[in-house]
Amino acid sequence: MNMSLELLLATPFIGGLLTYIGGKVHRWVRNIFAVLFSLLTLGEMSLFYNTTFKGDVWGSLFGSKLILQTNPITWLFLLIVTSISLLVIVFSVDDMKHEEDHIVLDSYYMQLLFVEGAMIGIVLAGDLITFFMFWEIMSWTSYFLIVHGGKKSMDAGYKYIIMSIIGAYAMFVAIAMIYSKAHSLVYPDVALVLSQSSPTFTIWIIILLGVGFFVKAAVMPLHTWLPDAHSEAPSPVSPLLSGVLIKMGAYGLFIIFYGLMSANLAKNIMPSIFSTPVLLYIVQWLAALSIVLATFLAIMQEDAKRLLAYSSISQIGYVVLGLATGTSLGVAGGLFHALNHAIFKSLLFLAVGAVIYRTGTRNLSDLGGLVKKMPFTFVALVVGIIALAGVPPLNGFVSKWMIYEALLQKKEVFLLIMAFVGSTGAFLYVYRLVHSIFLGQLSQKHENVKDVPILMQIPMWVLVIATVIYGIFPGLAMDVIVKGMKMFGFAPIAYNLYGFPQGSTMGALKVINIASVLMISFVVAWIFFLLFSKSRKVSQYDNYAAGQVVTPELKYNYSFGFYMSFGRVIKPIFKISIERIYNYWVDAAKIFGDYYMRRVYTGNLETYNSYIVIVVTIAAAAVLLGGKIW
Amino acid sequence: MIYISWILIILMLILAVVSIQLKNLIAAVVAMGATSLIISLLFLLLQAPDVAMAEASIGAALTMIIYIIGVRETERSEK
Amino acid sequence: MIYYLGSFLLIAIGLYAIIIKKNLIKILIGLNLAASGVNLLIVSIGYIKNGTAPIFSKIGINPSAMVDPIPQALTLTAIVIDASELALAVAFVVLLYRHYGTLDIKKIRSLKW
Amino acid sequence: MIRKIVYSIFLATIVLALVMFFAAYPFGKNKMTVGEYYLNNGVAQTGASNIVTSVVVDYRGFDTLGEVSVLFGAAAGVAILFFVLAENRRERKNITSPNFVVKVGSRIIFPFILLFGTYIFIHGHLTPGGGFQGGSIIASGFLLLYLAYPGTRVSRKKLSAVEGLAGLTFVLLGLYGLMLPESSFLFNFLPKGQLNALLSAGILPIIYIAIGFKVAAEFAGIVDDMMCEVICRGGEK
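Residue numbers (this note's numbering), protein chains in the order written: chain A, 422 to 1051; chain B, 417 to 495; chain C, 962 to 1074; chain D, 33 to 269.
Bound-form chain A, shown alone (with noise of 0.2 Å):
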């Protein structure tokens, strides 16, 4: 257990750089390098498996001490970050095998290792200081990833990074301010100057933080660069980003929450609501709209990665909603929702990025029939929008349930009800994925698609037993969340290795009780449906469409505006497009610059330099005049 943070935290950048320099030698070189180091970072990480607490000083700046730690909550992220790193590191060895210049690929796997160690430190961090240090690098070598994947990429990531640099200066402002206060930027002491400065300013402090992470997190307001980004983001880029990246943003309300002010603060300092600190509230709200409108876009889009994109803001959603109430068991649910999260929609990325891989487009209308070309695929992604949907015995199921259930016990109705049409919404969406893909008709330039290599299928088989396993033992995970959640002062919650005993804050669950009972009214089903169906096989053939007779080049089954219908009884919401919004203000400022700054700016060189003189003139006259300029 005498494992240094510090190594841990340096192992995926000494990685990056040798990774780099490796490429430099031969390839496999390079690629051995990457995948070689993310697992040895996995092994460190692993090693602090039920460290309690351990705090290292690695320097010191402006004064105030550098702290890297690590808690039970932090081992449950860092978790995440190592783990999918290491699987994205794989996954890319065949994936990014077209990209025929080499330095980019170099550089493309030490990002990939520098996002991975920027995250570790984000989460090890133990001071404001060495948050936003890493916070940035993890900004700015995403960046750099997200524009690997081609030219619209550049656009998505110039989107990004701007989002992100606002957030990022407003975190700046909020550290500046507590630094003037305490000179001390170490999460304890940052905690004691806010229980004891006036409200006003520490609600600025949670405001100006809470821009920050929400911008990363992509909570509605703020989420305006995810779908740009997840989707034009090279396939393997997408896990790391959905998965992970928007995890810190989560990580950093949870930090803000309840590391730096403590909930009686927030109770002490604003009124409450449904016994809620009104701040908190207002992010609930958020929380909740982000679940419900972008489940809705995810609804309506027609390219897979998008769809995805749009389905992670609402699953993050979920995140925040659960970690924003407060409640121990809303947080645990949160906490588990984000680690769930990770998992099952990196699989999907993964699972998306392998058909893409191998029929090159992404536009679900181009797709169909894949079933049997690529069946590993298919099970993958089956899998993986099961518990996205939140069905038992995945993963999906039990955190969604916890957050519901804190909901209700703090009879919040209107979220619970937004909570459960996200939800449900969840399954329109995920149906839409594996049926335009894998289910309907063969196109024809598709016939000779294989499945994907081995080393892509491995992440993929990873993940689906990951899903499995945390779905049907949630104790597993829940052993991590309530220890640490002990540290941060909440009340333990009653678990065990299958779910919830009888008697705990919640009522009882065991996951497996209730997947065998769905399993056998499945079957049930499915027996009735045999035996009473009165539906008749035809050959695909044997048919014909507006009078003329299907032919094998005719693509039958379209599935283009799959919820056309859906789609015009929701579009009153989407009259107000936060995106519009923001275009709004672009044109505006278009139109001011065409009509008004054309006069001043005439394109002369000898207009510009008389502007000079006369405006030297006028001080000069007002120096004359007044004697003084100001």
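Because the hints were derived from the structure by calculation, they are not lab data.
Among these hints, one or two may not hold up.
Unchecked claim - Derived contacts from chain D toward chain A, CB cut-off under 8 Å, selection only:
no., residue
1, Thr45
2, Met52
3, Phe53
Unchecked claim - Here are the simulated DSSO-like pairs of lysine-lysine, each with C-alpha atoms no more than 30 Å apart in a straight line:
no., chain 1, residue 1, chain 2, residue 2
4, D, Lys61, C, Lys1010
5, C, Lys1068, D, Lys36
6, D, Lys63, C, Lys1010
7, D, Lys36, C, Lys1067
8, C, Lys983, C, Lys1068
9, C, Lys1019, D, Lys63
10, A, Lys445, A, Lys573
11, B, Lys439, C, Lys982
12, C, Lys983, D, Lys36
13, A, Lys573, A, Lys931
14, D, Lys189, A, Lys572
15, A, Lys602, A, Lys573
16, A, Lys1011, C, Lys1067
17, B, Lys439, C, Lys1067
Idealized CB from N, CA, C, for every residue including glycine.
With chain A fixed as given, assemble chains B, C and D onto it according to the hints.
Showing chains B, C and D alone in chain A's frame:
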């Protein structure tokens, strides 16, 4: 002693006027370099040896060469 | 006082070239002259009568008889920046000449509307 | 003509205003406030006998870093303009070869120019001069080489390596100061040494040497771009 600075400053101003009035651009640039050189002498008189060195090596030499290259690449004289 | 006057006039000559001259190289020369004038002005503000350069070449020099080091330090950096910026400007001028075939700013009109 | 008169009136106003304004700051009188502090405490605080150096590198070191970055930006801009954006490349010009005396003379003088520049920036904290002056002298040495041997080029890779290393030295030394308990950018953590000794003034000479290398590399780069524009375009690239 004070006359040295008078003479130098008047020379500097004359050179400056010459450098902006000459039609031949190379000559103008050379006059500007000479102005810089005189300014560097003035810096020396003002007890600023550091600045004088910088002005002599950068302002007079390098800048002038850069201008001359620029003039060479474009037009020799102002129309 | 003659230093002040000289630098004012140098600035004025530079500005005159900037606004009146039509030739790009001449404009740059004017810019350079104005910048030199400002440098001279700043250094002459820091001058003290019968002062010495701010260098302790021997131990025991009286600091109060030294001229102000700050204007000198600032001017030092300003000179270097002037030179580099003018190099950039000359590069622009060369490219403009390639594109338009003239150095006359009256004839470089494609940004106008 | 009216333009000229109007602008002359403007300029006269400016000059008049300057005269009025500076009437309050008589020439040759002592008006230092901050400068006095630096003169009185500079030697004790930085160990450099040249106070201008201690202001440039130590007290206002952060400004110098920004200034060096501007220099870098300008050099990069020249390179970009001439090698990336230039569309119509012209034929190689016929440069008359310089005569024998220039060639041999420059070959003899060049090492001495380098030595002189190096001397100036190594002694930046003791005597007038420093990184900027020494660097530009070295760059003018390269200029001499270009003039004497048209067609010679300094390797861009080596120039950028030198420049990058020098910049990195500057920044890393500055950042190291932040890590110390006293904690300020460019904190002078090395021993001050004896006044007027070559090895004195802590990190000041190191930084000035770094600046010297950086300035030399950047100006040499600018001159190289410019000369290449005249001489070797069309031939090489």
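Review point. Against which earlier hints does the structure fall short, listed by number upward?
Key: 13, 15
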